[in-house]
Amino acid sequence: MNGNMNMNMNKRFPESELPGQQYFRIGEVSAISRVSASELRFWEGEFPEISPRQTHTGQKIYGKKDVGLFLKIRELLYDEKLSFQEVRDRISGKEESITPAEIRAGLLEIRKLLE
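Position 53, counted from 1, in the sequence shown is what our numbering calls 552; the numbers after and before it change by one each time, with no gaps.
Hints listed in this document are in silico derivations from the structure and should not be mistaken for laboratory results.
Note that beta-carbon positions come from the ideal geometry of N, C-alpha and C, so glycine has one too.
A few of these clues could be false.
What the hints assert, rightly or not - No more than 25 Å apart at the CA atoms, straight line, and that leaves these computed lysine to any residue pairs for SDA-like:
hint, residue 1, residue 2
1, K563, R552
2, K563, R589
3, K593, R610
4, K564, L612
5, K564, V534
6, K571, S582
Claimed, not checked - Derived DEER-like restraints, expressed as beta-carbon distance ranges:
hint, residue 1, residue 2, range
7, A530, T556, 49 to 57 Å
8, H555, F583, 32 to 40 Å
9, I602, S537, 23 to 31 Å
10, Q558, E579, 29 to 37 Å
11, K580, A600, 26 to 34 Å
12, T554, I609, 51 to 59 Å
13, E614, A530, 39 to 47 Å
14, Q558, L606, 52 to 60 Å
15, E614, E548, 43 to 51 Å
16, R533, G592, 19 to 27 Å
17, E574, G519, 19 to 27 Å
Kindly generate the complete structure, drawing on both the sequences and the hints.
Listed below in structure tokens is the structure:
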């Protein structure tokens, strides 16, 4: 692989910077995300948020939103090293959130310990 190819493979593609086309075939998504087509298909089955269209010939095509989700899943799994369940929770919005009141209570408890 030459140097230019390697640089392109390492480039991240924010959804807004994806190539100009509206829809992508699985091979194109695989090249953009650097994830195998079989793994992308697995993720598609695990994340209902990914919703490809089908062409009149039955081929699945993915919109930019879908490609963005694939990229986010890849980032969470491989870059942030989250578990698959943590990625599912984050993508679906089920991630636990701590309220400001809980943060304040925790900080007050720490302050008492330090006094």
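Regarding the pair K563 and R552, is the alpha-carbon distance no greater than 25 Å?
holds (12 Å)
In this structure, is the beta-carbon distance linking I602 and S537 contained in 23 to 31 Å?
Once the Cβ atoms are compared, 42 Å apart, the range 23 to 31 Å for S537 and I602 is violated.
Is the gap between the beta carbons of E614 and E548 within 43 to 51 Å?
The hinted range 43 to 51 Å holds for E614 and E548, with Cβ atoms some 47 Å apart.
How does the Cβ-Cβ distance of H555 and F583 compare with 32 to 40 Å: does it lie in that range?
Given a distance of about 34 Å, which is inside 32 to 40 Å, the answer is holds.
For the range 19 to 27 Å, tell me whether the beta carbons of E574 and G519 fit it or not.
Since E574 and G519 have Cβ atoms about 23 Å apart, the given range 19 to 27 Å holds.
Should the hint that A530 and T556 are 49 to 57 Å apart at their CB atoms be regarded as holding?
Check failed, 21 Å falls outside 49 to 57 Å.
Kindly confirm whether 39 to 47 Å is satisfied by the beta carbon distance between E614 and A530.
violated (58 Å)
Given the proposed pairing of K564 with L612, does the C-alpha separation stay at or below 25 Å?
Violated, at roughly 47 Å.
Is the hinted range of 29 to 37 Å satisfied by the C-beta distance from Q558 to E579?
Cβ of Q558 to Cβ of E579: about 32 Å, so the range 29 to 37 Å holds.
G592 and R533 - C-beta distance against the hinted 19 to 27 Å
holds (26 Å)
Between Q558 and L606, does the C-beta distance stay in 52 to 60 Å?
Holds, since Q558 and L606 (Cβ atoms, about 54 Å apart) stay within the stated range.
How does the Cβ-Cβ distance of T554 and I609 compare with 51 to 59 Å: does it lie in that range?
holds (58 Å)
Violated hints, listed in ascending order, are 3, 4, 7, 9 and 13; each of the other numbered hints is respected by the structure.
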